[in-house]
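Asks: These are the residues of each chain, in order.
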Amino acid sequence: MVGTLQRNAGPSVTWRLFFVAGWRSYLALFRWLRPSAFIPTVIGVPVVQLIWAVHLGRYLGAYPPDYYVVGNALHACAMAGLFAPAHSIQGERYGGTLTALLATPANRAVMFSGRVLPAVLTGAFTSAVMLGVGTALDWVHVPLGSLPMLGLTLLVTALSCSACGLVVGAVGLRTREATFLANVVLYSMLLLCGVNIPFAWLPGWLAAVGHAMPMSQGIEAARRVLSGAGGAPGLLCWELLKAAVLVLLALYLLQVLERGSREKASLDDV
Amino acid sequence: MTAGRLDRLGTSAGFLARAWRYEMRQLIRTRLYVFLAILLPLIFASMAFYMFRGSGKQDAPMSVALSAALMGMWSSTLLGSGNAITRLRLMQLLEPLVASPRSTFLVTLPFAIATSSLGVYGLLVTLGWSAVLFDMPLHLEHPMLFFVAVPVTVVALGMLGLLMASAFILYPTAQSLANFFEFPVWMLSGMLVPISTLPDPVQKISYLLAPTWGVKALTGAAVGNGSAAEAIGMCLLLTCVYLAITLLLQRRFEWLARSSGTLALQ
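Just so you know, the protein sequences line up as chains C and H, in that order.
Counting from 1, one number per residue, gives the positions in the first sequence under the UniProt record's numbering.
Counting from 1, one number per residue, gives the positions in the second sequence under the UniProt record's numbering.
Each hint should be verified, as a subset may be incorrect.
[To be verified] Stretch-level coverage of chain H by chain C, calculated; a stretch enters the list once three of its residues show a Cβ under 8 Å from a Cβ in chain C:
#1 27–41
#2 48–61
[Said to hold, decoys possible] Just a few of them, taken from the derived set where beta-carbon distance is under 8 Å, the chain C residues facing chain H:
#3 V184
#4 S188
#5 L191
Honestly, the hints are just simulated from the structure, not real lab data.
In this text, a Cβ means the ideal position worked out from N, Cα and C, and glycines have one as well.
Produce the entire structure from the sequences given, and follow the hints as far as they go.
Replies: Printed below as a string of structure tokens:
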């Protein structure tokens, strides 16, 4: 006779934990994905940011609009990438379910990685929509032949941002400041990652910080893909490497900070 | 004015001052607001200076720094005003506050003014940051006008934030719309980019926004381009208009929220 334990063990539960639990956690972020909350956050804000950046860029007159469209379209994936994984842990805390969640024997790496996947897909989708908006407004030209490579670039950049969001979320296990941290990273990216300011305009040390942050190589790769210049695959490999390092760091932090939060009984702090 | 009315006015003023102080204490203990009010304008100022210098645009450094500070002030006001109502809702305090005899407008006004007054600190920090890191000369053409323009702009931004946040009383999900208004107001108010670069019909909308006149008042007083006194007057006038609209909207939204029972919803 098969009992509850046997029914809920093995690869099926791992897949369920990764896909179903991750997706439901994502739905809960938007109170079960109400369009009235989802669309203004994920599409509305990046669209107005894109229009503002192009307006500012035109006034400065240093680069054509496509420079700002690509930078801000890629930056759009950071919103979902950073806040969704970070809030999925913070949300458990505010919902009072974090203790129950961590009392389960579920594999933490699978459980928390599953929360990154919807953020990656939403982030890449948002960036694609922003490029579509830029194309519709005639600010950028996307050659059809570049679409597969461009799609890959968006996915890799969104993965890198979401991995960073998971690190922020891990910090949220121990503190209540995940939202604060996510905001710091999001706006720092606007300054440091080549979104609107070329690295050559920044002081050397700031440019070095920007190169090490998620998304910077992804933005450069997208610009090269669209202009037909080479070198995009190499840049994407760098971005993937950063994503891998960030995922490993997040999993390590989750393990260490979970133990620390249990010891300090800080899981229920809101 | 009768003694009873004077007494009520004094009580309301005392309530406003106490609620403002209480909200300020809450805000300065919340890292997110400290980031919004202080660090965010520094990021905007750095971004603006690197962009303007890199592109060779010769705008006055003081004007760039003030725009960046106002961008941060608007972001913190918008998020703060909306978040205050969402926070009351989450703590299940919105219902008893609306049910109390004091007007909802008086209850919500200190939240908006507190978040925008935190922006004054951001303004000072931004000017200091720009002077130290970007060699901006700290010289004000009309210091008296500048010190009048600052509180007028703070109140104007607070009132616009409160006007937008009024909808949050009725709709629990309206908070997600708050961030949406951050960039359009920057653009329409001429922060960093003059409104003369906008299409003509859009410029007409700009003139209806108090932040537009706040930018004019502050930069006019600091740099000496344009009439700061006229801008301060327009800022005050629009603040009064926002106040009247907010009173009407809040009364209507409050009635709708009470009758549809959405005050306690999250």
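Asks: Determine for every hint whether it applies to the structure shown.
Replies: Against the structure, the hints:
With 6 residues having a Cβ less than 8 Å from any Cβ of chain C, the region 27–41 of chain H passes the three-residue criterion, so the hint holds. Residues of the region 48–61 of chain H with a Cβ under 8 Å from some Cβ of chain C number 8, which satisfies the need for three, so the listed coverage holds. A hinted interface residue such as C:V184 counts as satisfied when its beta carbon comes closer than 8 Å to some beta carbon of chain H; here the least separation is about 6 Å, so the hint holds. The beta carbon of C:S188 is positioned within 8 Å of a beta carbon in chain H (closest approach about 7 Å), and the interface hint is therefore held.
Hint on C:L191 holds. Least Cβ distance to chain H is approximately 5 Å, under the 8 Å limit.
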